[in-house]
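Chains R and H, in that order, give the protein sequences. Using our numbering, you'd call the opening residue of the first sequence number 3 and step up by one each time. Using our numbering, you'd call the opening residue of the second sequence number 5 and step up by one each time.
One or more hints might be untrue.
What the hints assert, rightly or not - Mimicking PhoX-like on lysine-lysine, the simulated pairs with C-alpha atoms at most 25 Å apart in a straight line are: (1) Lys-99(R) x Lys-140(R); (2) Lys-98(H) x Lys-82(H); (3) Lys-82(H) x Lys-140(R); (4) Lys-123(R) x Lys-57(H); (5) Lys-70(H) x Lys-148(R); (6) Lys-82(H) x Lys-100(H); (7) Lys-140(R) x Lys-50(R); (8) Lys-50(R) x Lys-28(R); (9) Lys-99(R) x Lys-123(R); (10) Lys-57(H) x Lys-117(R); (11) Lys-57(H) x Lys-100(H); (12) Lys-148(R) x Lys-174(R); (13) Lys-82(H) x Lys-50(R); (14) Lys-149(R) x Lys-176(R); (15) Lys-57(H) x Lys-82(H).
Hints listed in this document are in silico derivations from the structure and should not be mistaken for laboratory results.
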Amino acid sequence: ACAGGAGGAGPGAAMDLFGDLRRMNKRQLYYQVLNFAMIVSSALMIWKGLIVVTGSESPIVVVLSGSMEPAFHRGDLLFLTNFHDDPIRAGEIVVFKVEGRDIPIVHRVIKVHEKGNGNIKFLTKGDNNEVDDRGLYKEGQNWLEKKDVVGRARGFLPYVGMVTIIMNDYPKFKYALLAVMGAYVLLKRES
Amino acid sequence: LRKNVEDFTGPRERSDLGFVTFDITADILNGKNATFWNKNTLMLFFIFDWNVKQLFLYLSAEYSTKNNALNQVVLWDKIMLRGDNPRLSLKDMKSKYFFFDDGNGLKGNRNITLTLSWNVVPNAGILPLVTGSGHVSVPFPDTYETTKSY
């Protein structure tokens, strides 16, 4: 439908103006999307950079259970390093994965047996558990090895990881959060 | 001063099992300075400051065997929260965990070193592991005990 033209300009000129406006909005939209992509890429790059610098495949983990209380509670955040030359010693807090399982476990090393050639086998136990972790290992597995280690806990922040746990337990919350973030980035105009 | 009152080893299936009883006297002071009571007292310099939530103390035995160049076994541990009595004076303690060797390396092993270390757990921040000064060497005898008097 043609809007009543202003002054002497006919319907043709009005269409031009309208077309201009639509073109401007599309460009703006592309700009916003690129902005968003840049933010996501930067975040990914920072994460990958951390993986390289710490040597750990997962440099930041959230504590999921209460087996290390009162030191760590569910929802605490741990910062890990996994340098190849760092020896595993009794008393250290390690994050490891049992072969075949996805969930990393945060416990303390209580026994170490290291051979001259560098082969290490060790046993772990949660501070808050009565018994050692042999029950958690694979069937027939009595010791952990270096390859099972995701990293050693070097630093920690309380509570911060709770957001991840909530997102896991309530996926609707996760989608809502992502939707809000996406909408914010796409609609925000740089003046 | 940590000393071993009595120790003997007993074989269980294929591995050596050691029994150790010990005393721990440690004073984790609240200030930067500590004075020595006498030359045998183990003193730990430490500050329980606003950013320290707890200390995880553990007594570990470190030794070498034919099978393994380095062995470390935690015999006992304790959680000391901020506000707990910083002086430890434990006598005749039995180890909390079984002192199994990976093999038969305890028999006749003359040099088992017991050290007290601790993990500082802050309210937020770095998690350092500190080893206390002072350690005790324990020799194990050459024969196995057959009586179960533990």
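Compare the distance between the alpha carbons of Lys-140(R) and Lys-50(R) with 25 Å, and conclude whether the hinted pair is satisfied.
30 Å, violated
Between Lys-82(H) and Lys-50(R), does the CA-CA distance stay at or below 25 Å?
38 Å, violated
Between Lys-82(H) and Lys-100(H), is the straight-line Cα distance small enough, at 25 Å or below?
10 Å, holds
Pairwise hint evaluation, Lys-148(R) against Lys-70(H), where the allowed Cα distance is 25 Å at most
Cα-Cα ~21 Å, so holds.
Do the alpha carbons of Lys-57(H) and Lys-100(H) lie within 25 Å of each other, as the hint requires?
Distance ~24 Å between Lys-57(H) and Lys-100(H) Cα, so the pair holds.
Holds or violated: are the alpha carbons of Lys-123(R) and Lys-57(H) at most 25 Å from each other?
Outside the cut-off at roughly 31 Å; violated.
Can the restraint linking Lys-99(R) and Lys-140(R) be considered satisfied, given a maximum Cα separation of 25 Å?
Judged against 25 Å, a Cα distance of about 10 Å means the pair holds.
Lys-57(H) paired with Lys-117(R) [C-alpha distance capped at 25 Å]
The hint is violated at about 36 Å.
Between Lys-99(R) and Lys-123(R), does the CA-CA distance stay at or below 25 Å?
14 Å, holds
Restraint check for Lys-57(H) with Lys-82(H), where alpha carbons must lie at most 25 Å apart
14 Å, holds
Verify the proposed pairing of Lys-149(R) with Lys-176(R), using a straight-line Cα cut of 25 Å.
Violated - the C-alpha atoms of Lys-176(R) and Lys-149(R) are around 32 Å apart, more than 25 Å.
Given hint Lys-174(R) paired with Lys-148(R) - CA-CA distance at most 25 Å:
38 Å, violated
Of the numbered hints listed earlier, those contradicted by the structure are 3, 4, 7, 8, 10, 12, 13, 14.
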